[in-house]
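Residue numbers (my numbering), protein chains in the order written: chain A, 1 to 355; chain B, 1 to 355; chain C, 1 to 355; chain D, 1 to 355.
Simulated from the structure, these hints should not be mistaken for lab results. A hint or two may mislead.
Repeated chains share a single entry, so a pair holds when one copy, or any two copies, can fit it.
In silico EDC-like pairs for lysine to aspartate or glutamate, Cα to Cα no more than 20 Å straight-line [stated by the list, open to error]:
id	residue 1	residue 2
1	Lys347	Glu75
2	Lys202	Glu312
3	Lys44	Asp285
4	Lys246	Glu312
5	Lys246	Glu165
6	Lys2	Glu75
7	Lys350	Glu31
8	Lys44	Glu75
These figures come from a predicted structure and were not determined experimentally.
So you can see what is in the structure, the chains are spelled out below.
4 protein chains.
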Amino acid sequence: MKRKFRAGILGATGAVGQKFVELLEGHPWFEITALAASERSAGKPYREAVNWIGAGEIPAGIAAMTVESATPDLECDFVFSGLDAAVAGDLEERFARAGYPVLSNARNHRMDPVTPLLIPEVNPDHTALIERQAWGDGFIVTNPNCSTVGLVCALRPLVDAFGVEAVQVTTFQALSGAGYPGVSALDIVGNVTPYIGGEEEKMASEPRKLLGALAPEGIVPLDVAISAQCNRVPVLEGHLECVSVKLRRPASPEDARRAFLDFRNPLADRSLPTAPERFLEVFDDPRFPQPRRHLDLGGGMTVSIGRIRPCEVLDLKFVVLVHNTIRGAAGGAVLNAELLVSQGYLKHRKQTLTV
Amino acid sequence: MKRKFRAGILGATGAVGQKFVELLEGHPWFEITALAASERSAGKPYREAVNWIGAGEIPAGIAAMTVESATPDLECDFVFSGLDAAVAGDLEERFARAGYPVLSNARNHRMDPVTPLLIPEVNPDHTALIERQAWGDGFIVTNPNCSTVGLVCALRPLVDAFGVEAVQVTTFQALSGAGYPGVSALDIVGNVTPYIGGEEEKMASEPRKLLGALAPEGIVPLDVAISAQCNRVPVLEGHLECVSVKLRRPASPEDARRAFLDFRNPLADRSLPTAPERFLEVFDDPRFPQPRRHLDLGGGMTVSIGRIRPCEVLDLKFVVLVHNTIRGAAGGAVLNAELLVSQGYLKHRKQTLTV
Amino acid sequence: MKRKFRAGILGATGAVGQKFVELLEGHPWFEITALAASERSAGKPYREAVNWIGAGEIPAGIAAMTVESATPDLECDFVFSGLDAAVAGDLEERFARAGYPVLSNARNHRMDPVTPLLIPEVNPDHTALIERQAWGDGFIVTNPNCSTVGLVCALRPLVDAFGVEAVQVTTFQALSGAGYPGVSALDIVGNVTPYIGGEEEKMASEPRKLLGALAPEGIVPLDVAISAQCNRVPVLEGHLECVSVKLRRPASPEDARRAFLDFRNPLADRSLPTAPERFLEVFDDPRFPQPRRHLDLGGGMTVSIGRIRPCEVLDLKFVVLVHNTIRGAAGGAVLNAELLVSQGYLKHRKQTLTV
Amino acid sequence: MKRKFRAGILGATGAVGQKFVELLEGHPWFEITALAASERSAGKPYREAVNWIGAGEIPAGIAAMTVESATPDLECDFVFSGLDAAVAGDLEERFARAGYPVLSNARNHRMDPVTPLLIPEVNPDHTALIERQAWGDGFIVTNPNCSTVGLVCALRPLVDAFGVEAVQVTTFQALSGAGYPGVSALDIVGNVTPYIGGEEEKMASEPRKLLGALAPEGIVPLDVAISAQCNRVPVLEGHLECVSVKLRRPASPEDARRAFLDFRNPLADRSLPTAPERFLEVFDDPRFPQPRRHLDLGGGMTVSIGRIRPCEVLDLKFVVLVHNTIRGAAGGAVLNAELLVSQGYLKHRKQTLTV
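Make a model of the complete structure from these sequences and hints.
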């Protein structure tokens, strides 16, 4: 990488925006050149505009940067969007229309027919949809909902090897998935809440697109029934998911284990900086994976699988763990950007002099 | 009740034993006349033998009682057993053989063909099995595993109204279910553990017996496939369960809701002191039930149900909450004893003078 | 009590307001006849206006009541105020001026020279200040900050018996003290925050007034130096406080223990319904008191003390536990109202007919 | 470092032993050549003998090593001891007598007159005591109790600059300080326990030795009165401490802040691999430091200080945070070993051939 790509961050002061700042610190390909947030923050140094919720401190080079308004005149080659869904839909389109590639974590455009909903190891070919977008040089690429990501990463090898007809999934979702301030401590300490608004719908629909086939007429969704039951638990980071699947061709737990381990990772030869050494980790110890212990495998980008065993009702059941704010949000978007670089979709924009 | 029944407690110093002590305080039908525990505790006043883990203090009348050895010469009409499974099998049989009715919370005898596995609202007629036991005046009646109880209470009305062919259940189980000291805080604070040894097997088998039919040859188990995924969460009390069911006859969520609300409680006319006013509580607010908020409904004896909705894979899905140490353990055994009194199985034994 | 007093609740939908509703359910002297809240809630049934955060359900009789605006034309004999400090100052004065006795939990008027800051067991004579208030029939009486209450209840016997010159206190404060939604779960799960805005100042000043002497010129504050360090911990209810005191006359831990146990409770002969049987509970087991275990002693109105031992720097140190939303807030205000009834300050107002 | 020192670990399967394994992974000066534990573990591969409680996985090179008995014939230049106090006293002496330098985390020898109780930044000269030990080539050096460490690191600059006459400290101690399985989850979730056996005594005595002066007759303890109140909170790692100090010479909060920031770190020129870039971190934001956010500063070796302000009873008060299992235990012992290398006390032992 001769010259780094200049990244802007939309929604830079929010929970996801902060995670982008953290993950891009020292990134070999990308450097943050613009931080944009709401009018309330614009004009302030980042350190004053942000209520930094991460461990440790704001990266030194970023703390003093001035936050800008989220208008499409940022000095950067592309933008990561950690915008809230309430404003993301419109703002992201304005940036795309102005010629910026937009790597979005928001849900607004995920199900648009010409917008790739992307997990590089799962459906890297879906980026071809970019060519059907009508924004000129700009485009929008999205990453899925955090709980969808873990599920789909685990399903991909099973779909390839045996076909999947139906999926039951019950989630144990971490607090960080609700943003900040998010969940009141009074609602969740020593408690479980069996409802997360809109989450079950996303888990029922997004995987079908992610696992779908690219066709001349667009993405043909995978024909799979998905039933999700989504719950919040008093865990800081890491979504755990109990999954049962009905397969199209019979497979034993050991067959599934081999499918996970033998999965041909399409990123294998691409040397993307954020891609983990192991896409999937499979545990044989029945106590694992656990959020607190295995969250950070592969820098938070590895998806962990355990307890593969027969299901008395469908065919197989197992447990999945995903780092919801890294693989499931900001880290996923960064990996998407890296894939787009390697595929040639992301280019250096002309340097405007802002004198 | 002219004269109270004299209850002994086996395993009186353990977590379940303590719950028996708590629940029997002020009971209108039963009074504790014997506390038995291991040799280490025998001979000590209860207050010294026990590491009291409950809220508040040991009931005054019990604190000074002397703990006895768990040998079948206790001064009482029947015994509650909170014994550990490691010793319960043999000891409970010795008490039954010596003529004591044994109301056991241990798993050892639950699946014995002639031992009732009993939830009074679910299968009160199964107590007829007592007559097939070969212990003379003594007998053994068991209550189910704590996570089984919640599930089965919710299934009973559905089985009656529509038939149930298959059940998927994922549990969020509280710490108290593991006894004391049980789970290390380092293993569970801010964490979930996706494995509880032996639990999934119990949930797959016990409901079939509980929902089975009493026949001349014994209990004919219900023909239902059950797949359980059991998890421990950092909640003190209250097992939450996400359930999906495949029915034998079609039913809408509203049909199921009506089945829960209209369930004819077989205890309705029996005035058992521990029976809750409402056996099942149905919530329409999608955020409910929650362990911390709804745990104590009906004194911990009500089972709560919420989020009844269609399942994309089976037919219906919903959430169940059960107080695992009251309805799911000691309270369940006390209600069983009350049913046995009302059915005439529990009688006053001759008062032996221990001079 | 021939006829119950009619109580209004200001701020009825807030966390403290809800606690008033809970505690007044079935109260032998008081009945809720008016619920007042912000304009947003006015006109709605209480069940719709409130986000009920307590365990269980809204008392049936209250759920259907219509919430009113907080204007001083409520149909009641007096009001409890659970108003937020942002609006309490002005609103409470308007009610007092209109002739209503106001029993306030807000901090605004606590340090006013003619406003009693009241804990019935500690300074029941301070209610004489009411006569110096210039509101006509109305008046304002306040209860202290939740963390102050526990400290002062423990100090009262020591001040009486030995004199207290200086106090060091470090608090472990529960989440409920911050109201709802209050603390973000992301800030406190598995964490401690060593700062609660304004809290240390209140603990340094309020006890001096509470323990002060009623004199012709007003309350002469107790001459005691208080240093507080206030911290939030992931506990739902119950403030624990580690206290060290420098006494004016020497005393051993056993002397202090006796002072706590022998304290002559000024409420002893008054039969106030909310007064606990034991004002102070003293534990000898060094592990106690603990929030989760001893929170509810005396219905949440007992203050618990433990670990009385010599201090290497001052004279004695010990641990105090107080239920912050009952004794430390709503329950304290209810007990204050009961004292005012027994002292004759609280009277039936003329019944206005609202036709 | 031409040739790495060979380190043995006593108590290698325990919580502290595991932390040694974690911290020595990739250490530039030390390599683990021997793992010793109880007879139960001896002979097994480490991966089988240990119940690994850390995040991630056992370092690959260590997992296959065979655990040995803790007898003084280990193939190593020195040993780290994470032994339990029940056995550490005797075993460590046997190793010292056999010629091994012993770097111990156990409490048994801490207060021995000729045993250095060592924090390299605080009292590096105390290692001279080694020369007075009578074990031949072997010797014992200890690190302090985890809660002592944070306190003493913060006191050192104040003692140097102003003198310290008295200290009040209240601790909020993490679960990991109790080892594994340690605290039962039922005792601590949503709770605080105001008692940790033996802890207050250690905090009252160890700092006096650590801050004492090396004299011909041994360490002359600092003349300071210390009163500690020790509490367990539901935090995984990181002891927070609320401290008040009485100084010998007046100082403002700003004076103290400068004393912390200007402290001349005696390790400044030694380039010890485990020494953090910043020994002390001072926060101006009143909400900080917090266990979860600032635990890992300086790789867990930085001690954080915040909320420096006047104390109404003594002179100044502030908050201290220390990583209890790194700076406060295994990391402290590793840094001690590094200091001993740089001072020439730690040497390569002759390589015995075990063939």
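Verification of the supplied hints:
{"no.": "1", "hint": "Lys347 to Glu75", "result": "within (14 Å within a copy, 57 Å between copies)"}
{"no.": "2", "hint": "Lys202 to Glu312", "result": "between (27 Å within a copy, 13 Å between copies)"}
{"no.": "3", "hint": "Lys44 to Asp285", "result": "between (50 Å within a copy, 18 Å between copies)"}
{"no.": "4", "hint": "Lys246 to Glu312", "result": "both (11 Å within a copy, 13 Å between copies)"}
{"no.": "5", "hint": "Lys246 to Glu165", "result": "both (5 Å within a copy, 16 Å between copies)"}
{"no.": "6", "hint": "Lys2 to Glu75", "result": "within (19 Å within a copy, 50 Å between copies)"}
{"no.": "7", "hint": "Lys350 to Glu31", "result": "within (16 Å within a copy, 52 Å between copies)"}
{"no.": "8", "hint": "Lys44 to Glu75", "result": "within (17 Å within a copy, 51 Å between copies)"}
Checked against the numbered hints given earlier, the structure satisfies every one of them.
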